[in-house]
Every structure is written in structure tokens, then in C-alpha cells.
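Those protein sequence lines, which keep their order, are chains A and B.
Heads up, the first sequence is in the numbering used here, so the first residue is 1 and it goes up one at a time.
Heads up, the second sequence is in the numbering used here, so the first residue is 1 and it goes up one at a time.
Among these hints, one or two may not hold up.
Result set (EDC-like, lysine to aspartate or glutamate): computed pairs, CA atoms no more than 16 Å apart in a straight line [said to hold, decoys possible]: (1) B/124 - A/39; (2) A/64 - B/155; (3) B/38 - B/82; (4) B/64 - B/155; (5) A/27 - A/39; (6) A/64 - B/97; (7) B/38 - B/73; (8) A/64 - B/72; (9) A/93 - A/35; (10) A/27 - A/54; (11) B/132 - B/97; (12) A/104 - A/87.
Hints in this document: simulated from the structure, not taken from any laboratory.
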Amino acid sequence: MLTLQCPYCGVDAEETELQGGGEAHLKRFGPGSNDDDFEGYLFLRENQKGIHFERWRHAYGCGKWFLAARHTNTLEVFGTYPAQSTEPPQHIKDAISAKLPGWKWGNFS
Amino acid sequence: MSNAVTPLGGAKTNIGGLTLEDMGLQGMISLRGDLSSKALAKAVKAVTGQGVPELRTANVMGGKGAAWMSPDELLLFVPYAEADAAVATISETMKAEHHLAVNVSDARGFMRLSGAGAHEVMSKNAPVDFHKDVFTAGMFRRSRLGQVAAAFWLDAEGGFNVVCFRSVADYVYRLLEVSAEAGAVDAL
């Protein structure tokens, strides 16, 4: 069972209390962008075996969106942080580096 | 004026040594805004007589008080007949600030579960740690009960106060009733 700590209300919320929201840190390409960028925004995802950054909503709790860093294979959670972040906080990056040296995900490493 | 009734019609059950009862008509106001604001604190004090509750707590005494719903939302408890006047007071006190205050009294079901084993009955239905040393009096939590959203807190007398949407009040009542059949099993 996946348990994530909501960074807003501090609750250790388990899976049934949460709602997944897909990949985090997507950059939106809307009207006026070229087709390749738009395609990438709509369809292309990281989908790697290893570290992944995701959006989650504490649906049955405080109702807020937050972001989580998680290992897709071992389900290890490296941390959660507010949805207003444009990149993962340093302490989460450090926690990932300690476990997965040389990790890379999108523009982050 | 229409005759206001609760979704549970004043139901009360004694089962497995526990008591489950409809709490009757209760004024409830959903208040959203900046919880650190002075005007909000003043408004909450004016209508409930209580301060702004801390993270995940409720300070409801005798049908008046406030509960922490999210980082920008409180649920205020006032006497049923005073709810509209309380909303007007809040709107006046907070008129200079961005906020939302709505009387949701008739959109909620409100019941209370008390007696030995109440912690255990609750823990059958919500993904929350209800151990007596962990979930203590005054703690408030929004989660789910069975399949529906609910909010609950433990009062000083050891009873769980449960707030849910009106349309699912019957479900929640029956769910707690069935869960209470076995009574206290001394697991927590």
C-alpha cells in the first residue's frame, strides 16, 4: 500500500484517500506553440523504471494537490512537496541521489 | 417557512454497548480564506466564541466552535437558527478580504458515536490511526468512512462526532451501526 505524507495537512495518507494526477513538472505548450512541442506536452511522458515525479491530490482529506517523488519499482517514497514547486526541493534530490546515484528524470538530475 | 428536518430524523441506536445518535439540526458554515488573517480570527471569535483551530483540530463546545478543514478552510459550528445571521456577521467583518462564507447546515448530516469501543468502530471504516494514544480528544480529521467522504473529531467526553454530506448520512449511519454490532473487542 502506497502511503504519502500530504505536505499541507501533514497526514500520512494511504492510497485510498488519494487521487493520482499523472506526471509532475509538465510544461504546457498551448496555442501558438509548434506541433512537436504540443505533441510532447500531450503525449510524451518519462515512464521510466526508477525515480518518478507525480502529482497527487489528497482527495478525501484537505483536497490539495501536491507532488511526490517515488520509485516506480520498489515504491519507495523519497518525499512529497507542495504543488507550487517548479522543481523538486534539494533535500529530495539528495535523498534520491543517495539511493540512485546518477539518476536523471526530464530536466532534473 | 418550511419545517427543517435532519436527514436521519432524530435516529438513535444503542448497539454493542455503544450509542449512535443523530445530533439534530446544527448550524454549519463553510468558511474559506487566509487562516492567518486577523479579520478571519475576529470573525470566527464573533460567531463561535472560539479561536481559529490549529492544524487538524476542532474546538467545538456545546454546538459552537470551529474545525480545521484544510489550509484555507474552516467549518464553523453555530446554533441552527443563528447560521444566516452568523454568515452576515462574517461577511461584514471580513468585507475587506477575499473570503467565502456559506451556510451549509442543510447540506450536512451530523451524528455522534460514543461508548467503549468507539475508536475500534471508527477504525473499521477509515484509513486513520485511531489508537487511543494517537487520536486524542480535540483531534479532527477529514477522510472517508467506508466509501464516502466524512469528517470527524473526538470530543472531550470520548465520543466521535461525524459530519458527512446529507445525501449519504443514511449510509454512514447504517455503516457505523453495522460496525458497532460486535461492540468493543479490545483491539485498540
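Outcome of the hint check:
1. B/124 - A/39: It is violated: about 46 Å lies between the C-alpha atoms, which goes past 16 Å.
2. A/64 - B/155: violated, 26 Å
3. B/38 - B/82: This hinted pair is violated, its Cα atoms lying about 23 Å apart.
4. B/64 - B/155: Cα-Cα ~13 Å, so holds.
5. A/27 - A/39: holds, 12 Å
6. A/64 - B/97: violated, 22 Å
7. B/38 - B/73: holds, 15 Å
8. A/64 - B/72: Measuring from Cα to Cα gives roughly 10 Å; hence the hint holds.
9. A/93 - A/35: violated, 32 Å
10. A/27 - A/54: Roughly 14 Å separates the two Cα atoms, so the pair holds.
11. B/132 - B/97: Between residue 132 of chain B and residue 97 of chain B the Cα gap is close to 40 Å, so the pair fails against 16 Å, i.e. violated.
12. A/104 - A/87: holds, 13 Å
Violated hints, listed in ascending order, are 1, 2, 3, 6, 9 and 11; each of the other numbered hints is respected by the structure.
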